[in-house]
Each structure stands twice: as structure tokens, then as C-alpha cells.
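First residue of the sequence shown? That's 152 in our numbering, and the numbers climb one at a time after it.
Since the hints were made in silico from the structure, they are not lab data.
Computed from a prediction, not measured in an experiment: that's the story for all the values here.
Idealized CB from N, CA, C, for every residue including glycine.
Incorrect hints may appear among the rest.
[Said to hold, decoys possible] Listed below are the simulated SDA-like cross-link pairs for lysine to any residue, each with C-alpha atoms no more than 20 Å apart in a straight line:
#, residue 1, residue 2
1, 248, 190
2, 248, 277
3, 248, 154
[Unchecked claim] The calculated label-pair distances, taken between Cβ atoms and stated as ranges, are:
#, residue 1, residue 2, range
4, 310, 290, 29 to 37 Å
5, 219, 290, 15 to 23 Å
6, 248, 178, 19 to 27 Å
7, 306, 283, 17 to 25 Å
8, 212, 296, 34 to 42 Å
9, 291, 235, 18 to 26 Å
10, 307, 226, 35 to 43 Å
11, 304, 260, 17 to 25 Å
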Amino acid sequence: MDHLVVGYDGSSEAGPAVRWAARQASLRGGELHLVHCSLWPALTHDLGPVPGVADSGLRHAAEAIVAEGAGYAHAEVPGLTITTGLMYGWAAENLRKLSSGATMLVVGSRGLGGFMGLLVGSVSLELASTAACPVAIVRTGEHPNGPVVVGIDVEEWEPALRHACTLATLFETTLRVIHVRRSTESSTSPEQGLTPPMPGKCWMRRSAAPLTHYLASSSRNACWLALPSPEPC
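Could you build all of it, start to finish, from the sequences and the hints given here?
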């Protein structure tokens, strides 16, 4: 059974990530594990309630965030099998550990604002290059009916393409395959030897434009952009 993990920190960007993960788990006939990572034990040992103040304390606040995230998932897909977890420490480190054996790891595009945002803002980027499974970085303002766009290079393209084909099949949408090359590279067609591993509609396009610019413009109305894992910094 597919096992998806989603990180939830209570931010406005994390809610869409939880709802997307719930739908994805349902489409795959799998289960969802929602986890919240609290940094406070690294900053203080006093997690208990304030004497005489009901429902106070850092631990209670963290548990409330977990319950809120689980509520979003249950509301999105009633009947979905959902488990929850509360972990202490850095989100990227904890989620990376949970990615081992997971079908997919899902996070929001940004974390909480202010000081905490500085601490967790790079979580999604770090996980994209270090997680042991595919990572979905969900942005707000989704386009659920758009195509699946996959960017490939001349090496290590097969896992990203295969995963993109699976997503296109689940979403019942078009797959758009893009290879971006430098203008000085050989004009040999990048389509040679690239056969989609799953049947379906597929658009393949080549461009000499800068990679990030072209992928950004091509995926503007996409429901998913798939890329090979970048090299760790």
C-alpha cells in the first residue's frame, strides 16, 4: 500500500499541502501520515502548561497544530486512513528520516513567517535534494486541471519521467515532457531514446532558453512539475 507523508506547520501554505496529499493518497488507494515538527524543545525545556491556565503550554499548542492538520485531511477525503505524529527538532532532518520507505513526501512551498519562517523557509528546498523518495512541494493557487510537466536532462531522467507518467495517469491529464539545452550544444534530437513508460498523451518540446525561465513559463498552468533530484549543495 502506498504511504504518503505530509509535513504540517500550521501556516497558510501548509493547508493546501495537506489537502493535496490527502487527495493523492486517495487516488493511490494508500494512507496518509501527517507530522508536525516542533522546534521549541531545542530552545526551551519548559513545554508544560502555565499553572492555572487551561489549554496552555507549548506541547498543547503543538498537539493542536497536529489536530488541525488532520482535520483538513479528513475534511478533504472522508474515510481516508490518516495517522499523525508529533516530532521535536528540525523539520528537514525529521522529514528526511520519514521519507525512507515513503511513496511520497509532501510539504508546502513556504513555512511560517517572521523569525520561525527564517528557520524553516528552506525546508522544502533541502528535502528536494536529500529525501529518499519523491518530494511534492505544493503551492497555493493550484491548477488541478492543468497538464503534468516534467523537465529532463540527458542523464538520470528516467525516474522523473516515470513518476510524471504515473501522476498524469492518476490525474487523467496530459503529460508535457521538456528538455532544455544550451544553444551551443549539439542539435541532436533529445527525443531519441525517450519512450514514455506508460501510455497516454505526451507533448515533447525542446528549447534553448534558460532552464529555470522556460520551465517556469511552461508550467504556469500545470497541476504538477516534475524534475530530477538536484545535487546537494
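Here is how each hint holds up against the structure:
no.: 1; hint: 248 to 190; result: holds, 16 Å
no.: 2; hint: 248 to 277; result: holds, 13 Å
no.: 3; hint: 248 to 154; result: holds, 14 Å
no.: 4; hint: 310 to 290: 29 to 37 Å; result: violated, 22 Å
no.: 5; hint: 219 to 290: 15 to 23 Å; result: holds, 20 Å
no.: 6; hint: 248 to 178: 19 to 27 Å; result: holds, 26 Å
no.: 7; hint: 306 to 283: 17 to 25 Å; result: holds, 20 Å
no.: 8; hint: 212 to 296: 34 to 42 Å; result: holds, 38 Å
no.: 9; hint: 291 to 235: 18 to 26 Å; result: holds, 23 Å
no.: 10; hint: 307 to 226: 35 to 43 Å; result: holds, 38 Å
no.: 11; hint: 304 to 260: 17 to 25 Å; result: holds, 23 Å
Checked against the numbered hints listed earlier, the structure breaks hint 4 alone; every other hint is satisfied.
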